Amino acid sequence: MSRQLSALLKDKKGAYDLIQFALIIPIFVIILYGSFELAKLVSIRQSLDAGTYQAARYLSVYHKFYTDGGYNRGSRDDALRAERLIWESLLANPFISRAMPMHVMIRYFNGAGEEISSPVDFPCTDIRSHLSNPNTSGLVFTVHTQVTLPWRSSVLGLSMGNVTLTSAHTSFIDCGPWYPWPAATPTPTPTPMP
Amino acid sequence: MLARLRRDNRGASVVTYVLILPLFILLVFGILEIWRVMAVRQSLHLGVYQAVRGLSTEGREWLPCSASQWESHASQRAHAIIDHELKRNTLIPQGYTLLVQAVIEPEARIDLTQLGWFFTVRAELMAPGLITLPMLNTGTVTLVEQQVSYIEGITGSWTPPEEGPPY
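If you're matching them up, the sequences are chains A and B in order. According to the numbering used here, the first sequence is numbered sequentially starting from 1. According to the numbering used here, the second sequence is numbered sequentially starting from 195.
Derived from the structure by calculation, the hints contain no laboratory data. Honestly, I wouldn't trust all of these hints.
As the list claims (entries may be wrong) - The calculated SDA-like cross-link candidates involving lysine to any residue, where the alpha carbons are at most 25 Å apart (straight line), are:
#, chain 1, residue 1, chain 2, residue 2
1, A, Lys40, B, Val338
2, A, Lys40, B, Met329
3, A, Lys40, B, Trp256
4, A, Lys40, B, Val209
5, A, Lys40, B, Ile228
6, A, Lys40, B, Glu252
7, A, Lys40, B, Ile325
8, B, Lys281, B, Ala302
9, A, Lys40, B, Met232
10, A, Lys40, B, Cys259
11, A, Lys40, B, Leu220
12, A, Lys40, B, Tyr211
13, A, Lys40, B, Asp202
14, A, Lys40, B, Leu199
Everything numeric in this text was worked out from a predicted model, so none of it was measured.
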């Protein structure tokens, strides 16, 4: 018995293979499950991007200016609806559950890159300056979304901290057909021929 | 004879190779099948987006009507658009089933005479034999895609601003 055991202990055949296998397995598992996690993140990122696009399109197409004492502004509902589109797109993703502690930040920027409260509230001031230089106008806006969600590795349930995904889409708000531009050229009054 | 066979270890690497080969084949073909499913999924996504986008601007042609009437019109139109998009993808095997449902949000179902409402287009693609792997029967693959958009009604509380410059 003890002779057999000592023979087994002295036996080095297969030891290198076993050690090699043990060294490779964690790397293999990490690559396998890491690719699943990556696919999940890409899917969530895709949903976020689709939602941001829908919100920018909504604000561009359905934006309405209401006359408010000489200053036209959009409805407050417009921003709420745009943000609802982002949420609907995110919640339609099967990898996102309503129980997940997810933090969504939606910000708006004007054409100059300054943050604005929401694109429904900026005045339609100067369409001519926009057409000559798009960077100086208030008519171009960007919807910037950022989602922070906890990243749990599915292999051991390990918490890997938070992961942040961002998306941005730029669009354009038209001031509407009532804006008198280009200015109507006055018809020349016919001068009576002498 | 048997003792000689036991001592003979030539060809051991061939045995390992034969053991690994099915796994390797499964890996290679599995990657191809995943690629195919992702291409079909992308087609479905594009089709649903086009349906939602089209209904968002052209869906007013059936108004005024009831919510269920609008939904049935919109579902038929969305089905046609998505099916057309799927037909362009040659990776989808014949004999798939496509179920499309356009649903108006519950708050707007009472009357469609408001400023606008949200609607959802949900498409379910059931494709038998989408994944074909040797020695494995994966059955019917179901892909689901759902997108939300907004449509303006024909009447609403909005009135155009007064004439003149807006500021």
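Evaluation of the provided hints:
1. Lys40(A) / Val338(B): Holds: lysine 40(A) and valine 338(B) sit about 16 Å apart, inside 25 Å.
2. Lys40(A) / Met329(B): violated, 28 Å
3. Lys40(A) / Trp256(B): Cα-Cα ~39 Å, so violated.
4. Lys40(A) / Val209(B): Status violated; Cα separation ~38 Å.
5. Lys40(A) / Ile228(B): holds, 14 Å
6. Lys40(A) / Glu252(B): With Cα atoms ~34 Å apart, lysine 40(A) and glutamate 252(B) exceed 25 Å; violated.
7. Lys40(A) / Ile325(B): Given pair lysine 40(A), isoleucine 325(B) holds - Cα atoms ~20 Å apart, limit 25 Å.
8. Lys281(B) / Ala302(B): Since the Cα atoms of lysine 281(B) and alanine 302(B) sit roughly 34 Å apart, the hinted pair is violated (cutoff 25 Å).
9. Lys40(A) / Met232(B): Roughly 13 Å separates the two Cα atoms, so the pair holds.
10. Lys40(A) / Cys259(B): Distance of about 41 Å is beyond 25 Å: violated.
11. Lys40(A) / Leu220(B): holds, 23 Å
12. Lys40(A) / Tyr211(B): violated, 34 Å
13. Lys40(A) / Asp202(B): violated, 50 Å
14. Lys40(A) / Leu199(B): Violated - the C-alpha atoms of leucine 199(B) and lysine 40(A) are around 52 Å apart, more than 25 Å.
Checked against the numbered hints above, the structure breaks hints 2, 3, 4, 6, 8, 10, 12, 13 and 14 and satisfies the rest.
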